[in-house]
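I would like the entire structure built from these sequences, with the hints used as guidance.
Chains as they are written, first to last, in this note's numbering: chain P, 23 to 374; chain X, 115 to 389.
Hints listed in this document are in silico derivations from the structure and should not be mistaken for laboratory results. There are no misleading hints in this set.
The list that follows gives simulated cross-link-like pairs (lysine-lysine, DSS-like), each with its CA atoms no further than 25 Å apart: (1) K334(X) / K347(X); (2) K154(P) / K377(X); (3) K137(P) / K199(P); (4) K280(P) / K370(P); (5) K137(P) / K152(P); (6) K377(X) / K152(P).
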Amino acid sequence: MASVILKNLTKCWGDFIGVDNQSLDIQDHEFLVLLGPSGCGKTTTMRMIAGLEDPTDGEIWIGDRMVNDDLPKDRHVAMVFQNYGLYPHMTVFDNIAYPLRVRGTPKGEIEPRVKKAAGQVELIELLHRKPKALSGGQRQRVALARAIVRTPRVFLMDEPLSNLDAKLRVTMRAELKHLSRELKITTIYVTHDQIEAMTLADRIAVMKDGIIQQVGTPDEIYNDPASLFVAGFIGSPAMNLINGSVQDGYFVTTGGTKLVAVSVPDKPDVVLGVRADDMRISEEGEGDIDARIYAFEHTGEATLLTVQWGTQRVIVRGARHLRKEQGEIVSISLGSDHLYLFNPDTGKRIRG
Amino acid sequence: MTGKQKKQISQAIQIVLILITIFVMLVPILWIFMAAFKNHIDVFQLKLFFTPTLENFGTVFEAPYHLGMKLWNSTIVAFVTVALAIPIATMAAYSFSRFRLRGKTAMLVVILATQFMPAVVIILPFFVMFRDVGLLDTRIGLVLVNLAIVMPFAIWMIKGFIDGIPIDTEEAAMVDGSSRIMVIRNIVLPMAAPGLLTAGIFCFIIAWNEFLFALILTNKDAVTLPIGLALFKAEEGDLWNLLSAAGIIIMLPMFILALIIRKYFVQGMTMGAVR
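Written as structure tokens, this is what we have:
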């Protein structure tokens, strides 16, 4: 078990910059999620830690050793791949035993350790099968068992759940969380799924265009986004981003509607971010501003109202039993908590 | 006409077409099969019923034909060719498939382009070269020539199979603790085995049937089976019964290999497709 430290890590292919001079400290025992859209450099970062990709510049430290020049096999990390990366010509038992065998583990030790790992992911019944005869979820379990069988210093997981169907993904997510708390091994987990990131992570590093935008606990990332990108990327539905300006201590939309009091100096161009959950819906005339319903959606556990505010559409979450029709007028109120102002040019947060 | 009748008619047409094709393809082979068991007189009559004899198979191994030596030459040449071609081609194919090489595409095309050249064009240079270094009429010489013929083929074919192995699997093995060599031995070779076998059999067939180079580059000691067939042109005409017997000896291993290859060829073709 070990900490992982990235120092000024860079990866270029010709002119294309995959990862741009990034530094990150990952604590011992920590579960860190690298989150970002595809092509943001998160997988490249992980592959460099695994040794499958050589960094163009910068240093990678695992524990107290710089591993830049170590082969993957000497880094004592275990990796779970998106496509599982199982050995199709071997049985499940041999798949799980492979890391032990190539490392010269004594024969007598192999079987109990394979059985223990298989037990932890509930695979005991399937040890004699070939991967071909397993379902997607079972294959992913084999990949997990193969990773945990040798107690690596660091776990690397590259979108391990993205090939599973939605229902199985939720179950496996819980199992992963359980397992990681039980094993207490430093884990780096790559995903583009914000729910996975929020639920699994101790800390999340949000990446975009090869740059880490923000590192923080799920709570910080969700409730205190540092930039427009993070604010828009995290949360479902996405945070509403409304263009406007600050005049006389009020946020005024581009259309000229005076929306809500804010505690920042006047500024011509700002973006106001507000989550669907942080607004209240009331009958016409009772709230801050009236708006026409563009669409009404019922998700089961809540309702989603898309309302038209001048040129912009805003999504508001309503109570489960709220019933409205398209075209009706409702009134929306914004609390002064949980409002975020951003500079549209730099994308940075404007703090009061 | 109902749909059912239409379907039946089109099926009947299909069967007829298939039968015609089979007939056209198999008649020469059937003829050889019969001729091989006929005696010298029966062979010139198109008799379907005759008293079969094994005499021809004995005669071809005796003087002056000595087919046994040619059989031995063919076997050695084909086996040694395959035994050298497959390991070398596998290494080349792995590199082409997995490493970033400078001028990779160009090299692959050039390798394949050697196959576009008519053999007749290069046969004289070969002859002169082999004469100078003393490789004329040797089995080693023939192995070298056959290697040149089968290698491009083997490299391309095996590369296809290795391309079909997901790179994740290899990377997983590396992170799990294997060196590159161990990855190749433990993961790539077992997974590519059907492909290697298929390529090996293909190479064997090519080397076994190779005629032109063997004709020019051998004359006594290293003569192979296909060249041996020419021996049965005698003053009294073509000795069809002996020729056919020798033909069957040449064909038999091919039939057996074709049976093996059929199973693995299909398996190899679909291996990469199903994840």
